[in-house]
Each structure stands twice: as structure tokens, then as C-alpha cells.
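In order, the protein sequences belong to chains D and S.
So that you can map any letter, position 102 of the first sequence is 102 in the numbering used here, and since no number is skipped, the others follow by simple counting.
So that you can map any letter, position 53 of the second sequence is 53 in the numbering used here, and since no number is skipped, the others follow by simple counting.
One or more of the hints may lead you astray.
To be verified - Using 27 Å as the maximum straight-line C-alpha spacing, the simulated BS3-like pairs for lysine-lysine come out as follows:
| # | chain 1 | residue 1 | chain 2 | residue 2 |
| --- | --- | --- | --- | --- |
| 1 | D | 56 | D | 68 |
| 2 | D | 100 | D | 56 |
| 3 | D | 100 | D | 60 |
| 4 | D | 105 | D | 52 |
| 5 | S | 9 | D | 68 |
| 6 | D | 100 | S | 14 |
Stated by the list, open to error - Non-contacting residues of chain S with respect to chain D, defined by C-beta distances greater than 10 Å in every case (computed):
| # | residue |
| --- | --- |
| 7 | 15 |
| 8 | 58 |
| 9 | 83 |
Calculated from the structure, these hints are not laboratory results.
Don't be surprised by glycine CBs; every beta carbon is placed ideally from N, CA and C.
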Amino acid sequence: GNSVTQMEGPVTLSEEAFLTINCTYTATGYPSLFWYVQYPGEGLQLLLKATKADDKGSNKGFEATYRKETTSFHLEKGSVQVSDSAVYFCALASGGSNYKLTFGKGTLLTVNP
Amino acid sequence: NAGVTQTPKFQVLKTGQSMTLQCAQDMNHEYMSWYRQDPGMGLRLIHYSVGAGITDQGEVPNGYNVSRSTTEDFPLRLLSAAPSQTSVYFCASSYRSGLYNEQFFGPGTRLTVL
Numbered sequence: 001g002n003s004v005t006q007m008e009g010p011v012t013l014s015e016e017a018f019l020t021i022n023c024t025y026t027a028t029g030y031p032s033l034f035w036y037v038q039y040p041g042e043g044l045q046l047l048l049k050a051t052k053a054d055d056k057g058s059n060k061g062f063e064a065t066y067r068k069e070t071t072s073f074h075l076e077k078g079s080v081q082v083s084d085s086a087v088y089f090c091a092l093a094s095g096g097s098n099y100k101l102t103f104g105k106g107t108l109l110t111v112n113p
Numbered sequence: 001n002a003g004v005t006q007t008p009k010f011q012v013l014k015t016g017q018s019m020t021l022q023c024a025q026d027m028n029h030e031y032m033s034w035y036r037q038d039p040g041m042g043l044r045l046i047h048y049s050v051g052a053g054i055t056d057q058g059e060v061p062n063g064y065n066v067s068r069s070t071t072e073d074f075p076l077r078l079l080s081a082a083p084s085q086t087s088v089y090f091c092a093s094s095y096r097s098g099l100y101n102e103q104f105f106g107p108g109t110r111l112t113v114l
């Protein structure tokens, strides 16, 4: 079956530091990959996505590249801000079924001023 | 548009009680789904619907029922609450046409079962 493995948190960084959150996956076929973000007390929001190998998703300074050879979709940001403090979820959908998302366990990021 | 709305925001139940978590969306989305979020477990799919009158089970359906009588509403029923159902519940919706459309999540319902 499908599965997503994220680096365990929590991750604590200082403002303007470089961020990497690792994500690897196991899936049948050719999945689409997503990063969702959950700010405190809120629901999840789509941060970025990539639907085929070598695609790069980007949004709000965050980037992730779909690496089929390493089955990875690592999230990166060059300079984090306090407002980036949130829980980040890596997820995948496969078989053309966008409603069946498989999520990783989430990584809590705290950015200190 | 209000997006995806959920009620209540918080609920405390006693073991054995029943209740319904409400979910509504005003975006005319065909797909709707329910997830539960538990510490260290990520989000797990409970039930989903691809349109009015059509529902199916997700990863963790036991103890929950759903129905979809309208496009807008997708209530989740707990028939006899158990402490293991203490969790945060999220409803989500998306369009059906095309592939991998963004899912829009509601703000969640935090449920405690004593």
C-alpha cells in the first residue's frame, strides 16, 4: 500500500535559517505529491504540489522537487520567518484518486525571532 | 464563499453517547471526505463521498457512519462514542473533474470522549 515517511520533529530554527523537511514515499504507479501546512488552530492548506517526476512545486518561498529515483519530495525554504511556524504534512495521491490522500505524520516547525 | 464549515468546534461526550459532526461546503465540490488527526499519526481517512448518494470507507471507518443526501452536506455520525475516538476531525472537499485537485479543509472539530 501507499505510505509517506517524514522526518520527525519538532524542528526549531532561528529566523532566516535554511529549512529542509525530508519526505519519502512508497506508492503504486506514479503518485502526485503534496505539502500541506497547518497553522495553529486551523485546518490544513495546500502549500505546493507536483504531479510528475522532476516537477518542482513552489509557493511562498517554499520548494519541493519530485524525485522518482529516490522516491522523495523534500520541502525546502531558504530563509524562514516566524510566521512559517506550523505543522507541515507531506502527502500523496495515486491511481487518479485525488480524494484518497495518504499523509505523513507531520513535522512541527517552530521559528524563533 | 464560506468554504468548508464544520460544527461544533469542540465537543465532549461520555462513552456510549451518539452525536453527529456537521460538515458543509458551498463550492459545489463533488468530493467530500472525513479525516481524523491524532498525535504522531498524521491524518487518516475515515469515509469519503464522490457525489450525492455515494459514500465509501476509508482507512479507519469502524465506529462511524456517513451519508450524502446533498452535494453541500456530509455529516459524520458516531453511533456509540468510545475513548479511542477522542481526536480532531477534519472535513475536506474538492472538485471531481481533472486530477489531483486541491482539497479544501474545514477548521476541525475537537472531540473528547470520557
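Cross-check of the supplied hints:
no.: 1; hint: D:56 / D:68; in the structure: holds, 12 Å
no.: 2; hint: D:100 / D:56; in the structure: holds, 22 Å
no.: 3; hint: D:100 / D:60; in the structure: holds, 26 Å
no.: 4; hint: D:105 / D:52; in the structure: holds, 23 Å
no.: 5; hint: S:9 / D:68; in the structure: violated, 40 Å
no.: 6; hint: D:100 / S:14; in the structure: violated, 31 Å
no.: 7; hint: 15; in the structure: holds, 27 Å
no.: 8; hint: 58; in the structure: violated, 7 Å
no.: 9; hint: 83; in the structure: holds, 21 Å
Violated hints, in rising order: 5, 6 and 8; the structure is consistent with all others.
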